[in-house]
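Need the complex rebuilt from these two chains, each delivered in its own frame; the hints are there to steer you.
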Amino acid sequence: GQQVMQIPQYQHVQEGEDFTTYCNSSTTLSNIQWYKQRPGGHPVFLIQLVKSGEVKKQKRLTFQFGEAKKNSSLHITATQTTDVGTYFCAGPRRGSNYKLTFGKGTLLTVNP
Amino acid sequence: GAVVSQHPSWVICKSGTSVKIECRSLDFQATTMFWYRQFPKQSLMLMATSNEGSKATYEQGVEKDKFLINHASLTLSTLTVTSAHPEDSSFYICSALRDGGFISSTDTQYFGPGTRLTVL
Numbered sequence: 002g003q004q005v006m007q008i009p010q011y012q013h014v015q016e017g018e019d020f021t022t023y024c025n026s027s028t029t030l031s032n033i034q035w036y037k038q039r040p041g042g043h044p045v046f047l048i049q050l051v052k053s054g055e056v057k058k059q060k061r062l063t064f065q066f067g068e069a070k071k072n073s074s075l076h077i078t079a080t081q082t083t084d085v086g087t088y089f090c091a092g093p094r095r096g097s098n099y100k101l102t103f104g105k106g107t108l109l110t111v112n113p
Numbered sequence: 060g061a062v063v064s065q066h067p068s069w070v071i072c073k074s075g076t077s078v079k080i081e082c083r084s085l086d087f088q089a090t091t092m093f094w095y096r097q098f099p100k101q102s103l104m105l106m107a108t109s110n111e112g113s114k115a116t117y118e119q120g121v122e123k124d125k126f127l128i129n130h131a132s133l134t135l136s137t138l139t140v141t142s143a144h145p146e147d148s149s150f151y152i153c154s155a156l157r158d159g160g161f162i163s164s165t166d167t168q169y170f171g172p173g174t175r176l177t178v179l
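Chains A and B, in that order, are what the protein sequence lines are. Sequential numbering from 2 applies to the first sequence in our numbering. Sequential numbering from 60 applies to the second sequence in our numbering.
Okay, chain B solo, but in the shape it has when bound (with noise of 0.2 Å):
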């Protein structure tokens, strides 16, 4: 199967404070990676794509600056919550598209079980 790992499944942190949230893909290479966020009781929100190799694409009203991604490898991608407040709490959840040719819309997101953030 396709395998994608979340660490950690969950967090408290003190409002001011970086969190840093690691997604792997166990068993297959991803080039490209997804970060959602998702409020209680709500659908699962894009923030950004993650791309190995190059910059992250953020979606629109979200601060590159505040939730910095980092695609370290073909089976690692990272998003760190900068300066955190309460109003970030949520559950950040990613996925990955398994390698293996052209991307296409047919292509399986394989997520990964989600972190969920707590700021106090």
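Okay, chain A solo, but in the shape it has when bound (with noise of 0.2 Å):
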């Protein structure tokens, strides 16, 4: 079936670093979202990608969607104390219009 990875699986970083979470999917996705989860609370959405290349930017946030639609990336400048949290891709199913697999997620701890 179809699998969505994102590596790395932890990442710590001191504050005022950047920071990079990678999601691949084995199929071809419509579609891609990205969540933020804070410990001990729940996914909020941050983003779609739908284009092919596309490249979205949310302040010191940059999400991009590969060309082949299979893959894509997550990157924070200068990384801030409120930035902690697990960041997840999802992408839909193949066959489904709006059922999501999401990857694993990216943990992230910024020492400040």
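Worth flagging that the hints you see were computed from the coordinates, not collected in a lab. A portion of the hints provided could be inaccurate.
Partner residues are not named here, just some residues of chain A that face chain B (Cβ under 10 Å, in silico) [stated by the list, open to error]:
hint: 1; residue: G42
hint: 2; residue: F103
hint: 3; residue: G106
Covered stretches of chain B, going by a simulated chain A footprint (3 or more residues, C-beta under 8 Å) [to be verified]:
hint: 4; region: 95-103
hint: 5; region: 170-177
We put the beta carbon where it would ideally sit given N, CA and C, even for glycine.
What follows is the structure, given as structure tokens:
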């Protein structure tokens, strides 16, 4: 079946350093979504990428969707302690319009 | 905004009892809702799709008789964990798709705050 893989599983950075998490799907995706889950919290929708090669920015966060629509990345510039959490990518399953397959997530911790 | 609530936020119960979790879309209608389960430090796993007016569809390996889903209205879905056991302890999260025409893969799922279930 479809698999969505994310690396790294964990990332610890000093405040001010950059951070990147990578997402790779075993199948071509119609879109990819990114979520952030704070410790003890629930997933919060960040963004959705639809077009091949699409790049979107949200302040210090930059999201990319690969040309083949099988991979994606999230890059955070100059991390802050408020960026702490687990970042998940998710893609719709093949054959379903709306069921999502989530990656395992990348837990980001930031040392002040 | 699109707000989804869950109740209770946490529950502790004895083994063998049943627990009902409610998921409500507060400011929009949702014909389709989803129930996920998340074990500590793991990803979200879809358990079932809840459809208003019809039976829920369950993912492979999820027992429909153990996890009863009722989508009573366009704003409410309930998940009942029957005869709960310690291995059912988990974080249960619902999400809702906002109604408004054709459901496509570009629709955003709005997540509830989750319910932490502990079975003793």
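For each hint, the structure was consulted:
Contact between G42/A and chain B, as hinted, is supported at the beta carbon level, the nearest pair being about 7 Å apart and thus within 10 Å. Using the Cβ-Cβ criterion of 10 Å, the hint placing F103/A at the interface with chain B is satisfied: the shortest such distance is roughly 5 Å. A cut of 10 Å between beta carbons decides the hint on G106/A: the least distance to chain B is about 6 Å, and the hint holds. Proximity of the region 95-103 of chain B to chain A, defined as three or more residues with a beta carbon under 8 Å from a beta carbon of that chain, is established by the 4 residues found.
With 4 residues having a Cβ less than 8 Å from any Cβ of chain A, the region 170-177 of chain B passes the three-residue criterion, so the hint holds.
In terms of the numbered hints stated before, the structure departs from none.
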